[in-house]
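Colleague: Using the hints provided, position chain B relative to the given structure of chain A.
Here the protein sequences come in this chain order: A and B.
Numbering follows the numbering used here, in which position 166 of the first sequence is assigned residue number 166; successive positions increment by one, without gaps.
Numbering follows the numbering used here, in which position 87 of the second sequence is assigned residue number 87; successive positions increment by one, without gaps.
Simulated from the structure, these hints should not be mistaken for laboratory data.
Heads up, a few of these hints could be off.
Below, in silico cross-link-like pairs of lysine to aspartate or glutamate (EDC-like), each with a Cα-Cα straight-line distance of 16 Å or less [said to hold, decoys possible]: (1) Lys-221/B x Asp-58/A; (2) Lys-166/A x Glu-143/A; (3) Lys-221/B x Glu-182/B; (4) Lys-102/B x Asp-131/B; (5) Lys-166/A x Glu-192/A; (6) Lys-191/A x Glu-220/A; (7) Lys-191/A x Asp-169/A; (8) Lys-221/B x Glu-181/B; (9) Lys-221/B x Glu-59/A; (10) Lys-102/B x Asp-33/A; (11) Lys-221/B x Asp-62/A; (12) Lys-166/A x Glu-37/A.
To give an idea of the chain B side of the interface with chain A (calculated C-beta under 7 Å), a few residues [to be verified]: (13) Glu-68; (14) Val-71; (15) Glu-93; (16) Thr-191; (17) Val-192; (18) Val-219.
None of these values were measured; they are calculated from a predicted model.
Each residue gets a CB set at the ideal place from its N, CA and C atoms; glycine is no exception.
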Amino acid sequence: MSDQRGSGQQPIDQSAVVSHEEFTDELDALASDRVAEPWLGALMAHYHSCADCRAQLDEYRDVLDAVLVATPPVAPSAGFARETASLMRSSNRPAANPWVRRTLLAAAALLLVAVGVTIGRSTTDSGSDNVAVSAPIVNVAGETIGRYSELDSVRSVAVVELNSPKPFDGRRSCVIVTADGVQHTIGSWTKETMATGAWSMAIAPEVVDATPVRMDIVGEDGSVIASAEW
Amino acid sequence: MQQVAAIGRPQGLAVGALAAAATGRRGFGHHGAVNLAPHRRRHSPGFADMDDPTLLDAVGRGLDGAAEVFVRRFQSKVCGVAYSVVGPRGDVEDIAQQAFVKAWRAASTFDANRGTVAAWVCRIARNTALDSVRGRRPSPLEDEALIARCDAASRSADPAAEVGARAEVNLVRAQLSGLPEEQRRALLLATVGSRTMAEIAQLENVPVPTVKTRIRLAVRKIRRALDEEDGHE
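The shape of chain B in the complex, shown without the other chains:
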């Protein structure tokens, strides 16, 4: 019977890596005496070296120091997603904190087959933000500001993104930038802005089927680009 080290580890984690991170050591192969206390005070450099699923697993296990590293890694994305939903009048940081607590509690449910940790935590942030504004309809001004922010970001690369994710982030932004305006607006309003088809139709003054067509065309183009990128890796 095939043996597994433990269950609930999204990516088949190396026990040694977690233990090393928890103690501040770089791994079991470290030679010589190790003074552990100073490493702990520096928030365990091992956590910062972990890939996203491994770090999330460490967060779920409650390893000291992992949560702060996790929050630092994703805080700008989470706050960005929250801001896109609630706008400048919302309490972005309060929503982001709620999202991180939810992510921490749900760490063991992360399924790597459904996407990346970044996407997972962004979805949690988006849903948390949507819950906070339930019943409040966005104003057209907020929608235009949202599109303007995304357009500005689409025209630039993201040097702050982690190396592993930077290529995809920049690819998506380039693809968004290259979409016909009506498709880009519809897709951004639906995804980043979390607007319903009916709300987008009203804002754009077009029938709902037209909104759906625009979104589908945009989705297909970006999905094709993502698939091609995956094929090149």
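Only chain A is shown next, with the shape it has when bound in the complex:
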């Protein structure tokens, strides 16, 4: 994975300004998810500020997908599918649903404290029935940065999970917007309390009754940093 500038010679400062040439050098790596931080951050900053480069990457990504699928096929040897499936079975079985498992574990921790009941049953796969809402969290740049879930158990719980939480100053608030347009701030986190990438908070019954339709992550200056809609 490329984590260095263009030709891969020198690490860069994320705040460095990326030129059109440098960006288009990395079209394929970007489309293939093969660029790592901090170079990725610098490239994406350019992506969001340059309409032409944004169009180039979006077009290239679509065409790369189409061309890869149209690549001349190669038939494997007989028994490949059975052998590969066997290999997959012999590997550690993946979590049947990682999001459910993680969100339910986060909710379990909260509920144990807030309600004082044991909800070990909810940490099993069958507990997925408790998930009332699940929606990706998308930032203002259009990137999916995590997932928002609402669990209906003893009481409703909001769970915010971020894929790769980045350091930030101050607080981030979790604001639930209900169908009547009213904003309800249900809690907030700091970089310390979000260090694990998961945060959860009980939702007041009156907010649930007003039908939540969106969750906003709001900065201290009131700006919406990311949202999840359902």
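Modeller: Below, chain B alone, put in the same frame as chain A:
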């Protein structure tokens, strides 16, 4: 509050369809007594009937039989992509197996908004293959063989492709075939061959900006054709 059946299902799957596939039944509407054991031994015909996202979800859930059906569905594409990167000297099947295991582990992360399952698994195969050849520079001979293979495929339709994907595969191949040679070579070397702009410039003996222009022109033509095809559907 809107209720969802479960999270992590890329395309809002029908629970009944998954349950039916897992048991070998065609669906909950099946009437009469069902002998499940023979169906299981035939790898659950329900999996073969599933569309790609549904099958991938079943694979991610570890449903018995789903993985083999999934591998059979995509093995030629995955091996083809791996072969294009590592060439005849590479261990194509080993790379393809690694790619399928990665796909299985990452099944819940598939995002239908970013493309098809076929493209997703091909990207995994390409990245796996690239990791395996990191540091090994391709020889010009391998690049010419790559282009020759793609050119040969571009001149023919793909009757083996799944019905749903066949139109797009054949459209892309037709578009590739219709590109000016220098654009086709640059695009194939970048996409299928995973060569960098600098490597392509060296191979084609042209400046890097020229390579970029050729690729951009080719991308625009194919993208326009894909958009027009989508508009006709």
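Colleague: Does each hint fit the structure? Answer for all of them.
Modeller: Structure-based check of each hint:
For the given pair, Lys-221/B sits about 14 Å from Asp-58/A by alpha-carbon distance, which is consistent with the 16 Å threshold. At most 16 Å may separate the alpha-carbon atoms for a hinted pair to count; Lys-166/A and Glu-143/A meet this at roughly 14 Å. This hinted pair checks out: Lys-221/B and Glu-182/B have alpha carbons roughly 14 Å apart, not beyond 16 Å. Using a Cα cut-off of 16 Å, the hinted pair Lys-102/B and Asp-131/B holds, with the two alpha carbons roughly 13 Å apart.
The straight-line distance between the Cα atoms of Lys-166/A and Glu-192/A is roughly 11 Å, inside the 16 Å bound, and the hint therefore holds. The suggested pairing of Lys-191/A with Glu-220/A holds, with an alpha-carbon distance near 13 Å, which does not exceed 16 Å. Note on Lys-191/A and Asp-169/A: the hinted pairing holds, with a Cα-Cα distance of about 7 Å set against a maximum of 16 Å. Taking the CA atoms of Lys-221/B and Glu-181/B, the gap is about 14 Å. The hint holds against a cut of 16 Å.
At roughly 10 Å between alpha-carbon atoms, Lys-221/B and Glu-59/A fall within 16 Å of each other, so this suggested pair holds. With a CA separation close to 15 Å, the supplied pair Lys-102/B and Asp-33/A stays within the 16 Å bound. Straight-line distance between C-alpha atoms of Lys-221/B and Asp-62/A comes to about 12 Å, which keeps the hinted pair within the 16 Å bound. As the CA atoms of Lys-166/A and Glu-37/A are separated by approximately 11 Å, the hinted pair is consistent with the 16 Å bound.
Annotation: interface hint on Glu-68/B holds; nearest CB of chain A at approximately 4 Å, less than 7 Å. Given the 7 Å rule on beta carbons, the hint for Val-71/B holds: about 4 Å separates it from the nearest Cβ of chain A. Interface restraint check for Glu-93/B: the shortest CB-CB distance to chain A comes to about 5 Å, inside 7 Å, so the restraint holds. Given the 7 Å rule on beta carbons, the hint for Thr-191/B holds: about 4 Å separates it from the nearest Cβ of chain A.
Interface hint at Val-192/B: satisfied, since its Cβ lies 5 Å from the closest Cβ of chain A, which is below the 7 Å cut-off. At about 5 Å, the closest approach between the beta carbon of Val-219/B and any beta carbon in chain A falls short of 7 Å, and the interface hint on this residue holds.
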